[in-house]
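Undergrad: So you can see what is in the structure, the chains are spelled out below.
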Amino acid sequence: MPVKVMIPTPLRPYASKQSSVAFEARTVREALGSLTVQFSELRKHLYTDEGKLRSFVNVYVNDDDIRYLQHEDTQIKDGDTISIIPSIAGG
Amino acid sequence: MVAAKTMPGPKLSNEEILRYSRHLIMPEVGMDGQLKLKQARVLLIGAGGLGAPLGLYLAAAGVGRLGLVDFDVVDFTNLQRQVTFGTSDVGRPKLAAARERLSSLNPGIEIVPHEARLTSANALELFRDYDIIADGTDNFPTRYLVNDACVLLGKPNVYGSIFRFEGQATIFGAPDGPCYRCLYPEPPPPGLVPSCADGGVLGVLPGIVGSIQALETLKLILGSGDLLVGRLLLFDALGMRFRELKLRKNPDCPLCGEHRTITSLIDYDEFCGIRGADSAVPGPAVPEITPRELKARLDRSDDVFILDVREPHEYQICNLNGYLLPLGDLPRRAHELDSSREIVAHCRSGKRSAEAVEFLRKAGFRKIWNLKGGILAWSEEVDPSVPKY
Amino acid sequence: MALKLNDKLASGIRAHGEAAYPHECCGALLGCHTGADRETRALLPLLNRRTDSPQNRFSVSAADVRAAEQAAAAQGLDLIGWYHSHPDHPAQPSDYDREHAWPWYSYVIVSVHSGHGAELTAWRLAEDRSAFEHEPLESAASISKR
Numbered sequence: 017m018p019v020k021v022m023i024p025t026p027l028r029p030y031a032s033k034q035s036s037v038a039f040e041a042r043t044v045r046e047a048l049g050s051l052t053v054q055f056s057e058l059r060k061h062l063y064t065d066e067g068k069l070r071s072f073v074n075v076y077v078n079d080d081d082i083r084y085l086q087h088e089d090t091q092i093k094d095g096d097t098i099s100i101i102p103s104i105a106g107g
Numbered sequence: 557m558v559a560a561k562t563m564p565g566p567k568l569s570n571e572e573i574l575r576y577s578r579h580l581i582m583p584e585v586g587m588d589g590q591l592k593l594k595q596a597r598v599l600l601i602g603a604g605g606l607g608a609p610l611g612l613y614l615a616a617a618g619v620g621r622l623g624l625v626d627f628d629v630v631d632f633t634n635l636q637r638q639v640t641f642g643t644s645d646v647g648r649p650k651l652a653a654a655r656e657r658l659s660s661l662n663p664g665i666e667i668v669p670h671e672a673r674l675t676s677a678n679a680l681e682l683f684r685d686y687d688i689i690a691d692g693t694d695n696f697p698t699r700y701l702v703n704d705a706c707v708l709l710g711k712p713n714v715y716g717s718i719f720r721f722e723g724q725a726t727i728f729g730a731p732d733g734p735c736y737r738c739l740y741p742e743p744p745p746p747g748l749v750p751s752c753a754d755g756g757v758l759g760v761l762p763g764i765v766g767s768i769q770a771l772e773t774l775k776l777i778l779g780s781g782d783l784l785v786g787r788l789l790l791f792d793a794l795g796m797r798f799r800e801l802k803l804r805k806n807p808d809c810p811l812c813g814e815h816r817t818i819t820s821l822i823d824y825d826e827f828c829g830i831r832g833a834d835s836a837v838p839g840p841a842v843p844e845i846t847p848r849e850l851k852a853r854l855d856r857s858d859d860v861f862i863l864d865v866r867e868p869h870e871y872q873i874c875n876l877n878g879y880l881l882p883l884g885d886l887p888r889r890a891h892e893l894d895s896s897r898e899i900v901a902h903c904r905s906g907k908r909s910a911e912a913v914e915f916l917r918k919a920g921f922r923k924i925w926n927l928k929g930g931i932l933a934w935s936e937e938v939d940p941s942v943p944k945y
Numbered sequence: 008m009a010l011k012l013n014d015k016l017a018s019g020i021r022a023h024g025e026a027a028y029p030h031e032c033c034g035a036l037l038g039c040h041t042g043a044d045r046e047t048r049a050l051l052p053l054l055n056r057r058t059d060s061p062q063n064r065f066s067v068s069a070a071d072v073r074a075a076e077q078a079a080a081a082q083g084l085d086l087i088g089w090y091h092s093h094p095d096h097p098a099q100p101s102d103y104d105r106e107h108a109w110p111w112y113s114y115v116i117v118s119v120h121s122g123h124g125a126e127l128t129a130w131r132l133a134e135d136r137s138a139f140e141h142e143p144l145e146s147a148a149s150i151s152k153r
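Protein chains in written order, with this note's numbering: chain A, 17 to 107; chain B, 557 to 945; chain C, 8 to 153.
Chain A on its own, in the form it takes in the complex (with noise of 0.2 angstroms):
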């Protein structure tokens, strides 16, 4: 059973309009990898030019922020539920 990656509502245009997307990964990094590679254009609003996380991107394993955990190293299993949720920001 792999893990549910859910797409938030601004970046389902570029996953093919799904609302969620199931891969077989073992590191949350894995998981947006294989995201990232079947949706290109996703790759742009999730990382920066250096390839890190954009600060705005928030990433759920089931109910804790990765952030808390061991970030994008984080162990996934399978049934778990990757969430990306977005926290706006501006001046």
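Calculated from the structure, these hints are not laboratory results. Even for Gly, the Cβ is constructed at its ideal location relative to N, Cα and C. One or more of the hints may lead you astray.
If you want the footprint, here are the derived chain C segments under chain B, 3+ residues with CB under 8 angstroms [claimed, not checked]:
#: 1; stretch: 44-57
#: 2; stretch: 64-74
Which bits of chain B does chain C cover? Going by a derived footprint, with three or more residues having C-beta under 8 angstroms, they are [unchecked claim]:
#: 3; stretch: 734-741
#: 4; stretch: 794-806
Using the hints, position chains B and C against chain A.
TA: Below, chains B and C without anything else, positioned relative to chain A:
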């Protein structure tokens, strides 16, 4: 969860055993459960549409102490949904009428009336003596006040709300559950959400939602079943569907989150942007004409064009033979009006027609007035045969 | 593409901006969308989580975004965008706004001059993130239907 503690002492009399026999014969309640109900103390905020089924079913179930908070008087228009009251109660304080009805249903419980407006000054003191608070109110300042007081005191808030054909129910303020502010950190700007008086409500709807609140309250006391903690139950009365939203505790919630900034009650009217005077027509005052003045002009056979900006179903209730042009259609259909004529716009109470007059003045109409107080005032001051609604 | 925002809601945004002045206010736009057009039906005022520099920065935490999604769903609406204010500054998106923006969402900015809400504009992030595109606002002289 604050389930009532079973203390030694209180027992059930033979009369109570007979009264509650249908509870006692169920193992899920039994003597233990009924004793928990007897020792429970529940405070109902609001004795109106939601408060009616809440009060009736909790009294019937034998909740030992029921507090009621309401400062209002029974109005004729309440009878369409507030089923604790009778026609002869119109004009009486709601608490007096409710207390009579609930005592008659169950004289064995204690009913404590708190005839006061709930404020930051009295809420904490008032809530302290109760285990569970059931919120049956209809305005934002009170909803935030009840929520905040419950979280600060660590008491569950059994919440219900209704609007037209939709209802919601959930439990806020449970230890690991969300609070109202997790969902709505700030109230909407005033005037954006109509109240029941403006939006209307199907009378039986609060009956259903209030009964659900009573059910959750009983389950909280008995400590059984799955509760609506972290679950927002949504009821669509027309579609006849229940659905659920998962509600998450917001870790950034200023009241119940990890970094709390709210540690005492605040001025909720100010918080909700309501200050002082009633939320009457915002913006600059529009030119007005009173019903008597209008009557005088019509009697003189002045050429006055009466514009009725209400909805078609209201026109059917009563009308002044005005030209019906609902407010929402005004932008599209204003060309039907002759700006060279003298126009008096009216609605039910004068609010919508004031907006219409403001709109038409901006569009260049110079001879236009708002009928002050609407058709209600016309009925009051000029022609009592016109029904009020 | 266009964003419908009636006068009443626009006043609500201005009012929030005035109340938060001299800090930036922020909130969610709830409504519905068909094709490229959107209609705002409700506002969800939120707390500006940037407490260190709130006069020229705002932020909405992920938890508040989740709460806004829940609040939208509870009203049968979608989360279609965000609004924030620029105290004593034009209602034009800054570079900072652009760098932190999400595609798809409508961004409404209101200018608050000396405590008074003034011009209000709407924007959407360009496909390549290079700029914000002006989103036409349909407010007309619409009056809320009751």
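Undergrad: What hint numbers does the structure not satisfy?
TA: none
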